[in-house]
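Each residue of the sequence shown is one higher than the one before, counting from 1 in this note's numbering.
Worth double-checking, as some hints may not be accurate.
[What the hints assert, rightly or not] Ranges of calculated distance between the beta carbons of each label pair, as one might list FRET restraints:
{"#": "1", "residue 1": "158", "residue 2": "216", "range": "16 to 24 Å"}
{"#": "2", "residue 1": "274", "residue 2": "81", "range": "18 to 26 Å"}
{"#": "3", "residue 1": "248", "residue 2": "216", "range": "23 to 31 Å"}
{"#": "4", "residue 1": "193", "residue 2": "137", "range": "41 to 49 Å"}
{"#": "5", "residue 1": "49", "residue 2": "75", "range": "18 to 26 Å"}
{"#": "6", "residue 1": "28", "residue 2": "119", "range": "19 to 27 Å"}
{"#": "7", "residue 1": "113", "residue 2": "189", "range": "13 to 21 Å"}
{"#": "8", "residue 1": "117", "residue 2": "280", "range": "32 to 40 Å"}
Hints are computed from structural coordinates only; laboratory data are not their basis. Keep in mind it's a predicted model, so treat the numbers as computed, not measured. Note that beta-carbon positions come from the ideal geometry of N, C-alpha and C, so glycine has one too.
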Amino acid sequence: MSTEPGLLPEMLVFAKVVEQRSFAAAARQLDLTTSAVSRSVGRLEAHWGVQLLHRTTRSLSLTELGAEVYAACSQLAQTASDIHAIAGHYSGVPRGTVRLTAPTIFGEIWLSAQLPALRRQWPELEVAVSLSDQMQDLAQQGLDLAIRLTRPEQLPPHMVARELRQVRYIAVASPAYLKGLIKPPKHPQELGREHGVACITLGYGDFQNRLQWVQGQDRRPVPVVTEVAVHSPLSMDSSTGIINLALQHQGIGLVADFAAQTVLHSGALVQVLPDWQLTGNYAPRTAYVLYMPSRHLPLKVRALIDHLVEAGKH
Numbered sequence: 001m002s003t004e005p006g007l008l009p010e011m012l013v014f015a016k017v018v019e020q021r022s023f024a025a026a027a028r029q030l031d032l033t034t035s036a037v038s039r040s041v042g043r044l045e046a047h048w049g050v051q052l053l054h055r056t057t058r059s060l061s062l063t064e065l066g067a068e069v070y071a072a073c074s075q076l077a078q079t080a081s082d083i084h085a086i087a088g089h090y091s092g093v094p095r096g097t098v099r100l101t102a103p104t105i106f107g108e109i110w111l112s113a114q115l116p117a118l119r120r121q122w123p124e125l126e127v128a129v130s131l132s133d134q135m136q137d138l139a140q141q142g143l144d145l146a147i148r149l150t151r152p153e154q155l156p157p158h159m160v161a162r163e164l165r166q167v168r169y170i171a172v173a174s175p176a177y178l179k180g181l182i183k184p185p186k187h188p189q190e191l192g193r194e195h196g197v198a199c200i201t202l203g204y205g206d207f208q209n210r211l212q213w214v215q216g217q218d219r220r221p222v223p224v225v226t227e228v229a230v231h232s233p234l235s236m237d238s239s240t241g242i243i244n245l246a247l248q249h250q251g252i253g254l255v256a257d258f259a260a261q262t263v264l265h266s267g268a269l270v271q272v273l274p275d276w277q278l279t280g281n282y283a284p285r286t287a288y289v290l291y292m293p294s295r296h297l298p299l300k301v302r303a304l305i306d307h308l309v310e311a312g313k314h
C-alpha cells in the first residue's frame, strides 16, 4: 500500500470524515461539497483496493483496516496542523477564520462590542461566533475557542483557561418603580413580600428567589450573610429580558452587570442596594476563554485570545 504525495489531500479528508462521523459534517468543516468528500474517500479506497468504511444511510463505521489507516491519517493531519501553526506564527499577520462559541447574552452584548476593534487591527482575521448556553465539544463542532461564565473549580480540567473579566449580579429598577414603593429598599431584608416589593429573578439552574447578600465594605474573614426570600411574580432566563421588564416598571430585576451598563449609564434604570453584593446562587462568576492545549497555537487564535483578554481588563 504505497503513500503517494498526490494522495495526501485524500488522506486528510478521510481523517476529517472519521473525526466528524459524517461526510456532510466533514464537508462543512472543509468547505467542500458532500459529494466531493465522498469521491475523495472513494479515490483512496480505489487506489489501495480496500474498504475503509462501512456505510449505511444512517451511520459510518471503520473497517479493521480503516481503523489502522485512520490512526496514521490522523497523525498526518495533526502534523500538517502543527506545520501550518508554526508557519502562521512567523508570518506576523493573523489571517483566516476563528470559530468560537459563547453564552447567548454575553456574546450579544460584551463579545460583540469587542470585535470591531479586532477587525480594525487585523482586517484579514475573520470571526465566526456561535451563541449557545450549552458547553460545546470544540473538536466535534470544529470550534477553536469557547467562552464560558463559571467558577474556577468548575473549569474543564482538560482545557486551557484564560480569564477575561468578572461578572457580578446586581439589582436594578426604574426610578418610577422605586418612587411607587412605600419605602425604597435600603437593606436586603426590605426586599421581602411584606414590603410590597416584586423581584424579577433569572429563575433557572441555581438562580432562585432566595437571595443572599453581604455588605460590600464588610472586611471580616467570614462576612455576615443576610438571606431573604423575595416575591418573584416574574422570572426570565435572560438578563436583557429582565432589563426590559424593569424598564416597564415591573419590579426590581436581578441581572448580570455587563448587561445593565447602558441603561444604568443613561439613568433609565438605577442600581438598588449598591453597597451590598449578591452571593450564594448569585455569587460572582468569571468569564473565561477556553481552548484545547496545543504546542503551536495558531496565530489567528492567539490574536483573538490576546485581544479579548486585554478588553476584559477595561
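Here's how the hints hold up against the structure:
Evaluation of the 16 to 24 Å hint for residue 158 and residue 216 yields a failure: the beta carbon distance comes to about 36 Å. For residue 274 paired with residue 81, a C-beta distance near 49 Å fails the hint of 18 to 26 Å. Here the CB-CB span from residue 248 to residue 216 is close to 29 Å, well matched to the stated 23 to 31 Å. Against the hinted window of 41 to 49 Å, the Cβ-Cβ separation of residue 193 and residue 137 comes to about 43 Å, which satisfies the hint.
Between residue 49 and residue 75 the beta carbons are some 23 Å apart, a value that agrees with the proposed interval 18 to 26 Å. Residue 28 and residue 119 have their C-beta atoms about 24 Å apart, which keeps the hinted 19 to 27 Å range intact. Between residue 113 and residue 189 the CB atoms are about 37 Å apart, so this pair departs from the stated range of 13 to 21 Å. Hint check: residue 117 to residue 280, Cβ distance near 36 Å, so the stated range 32 to 40 Å holds.
Going down the numbered hints, you'll see the structure goes against 1, 2, 7, while the others check out.
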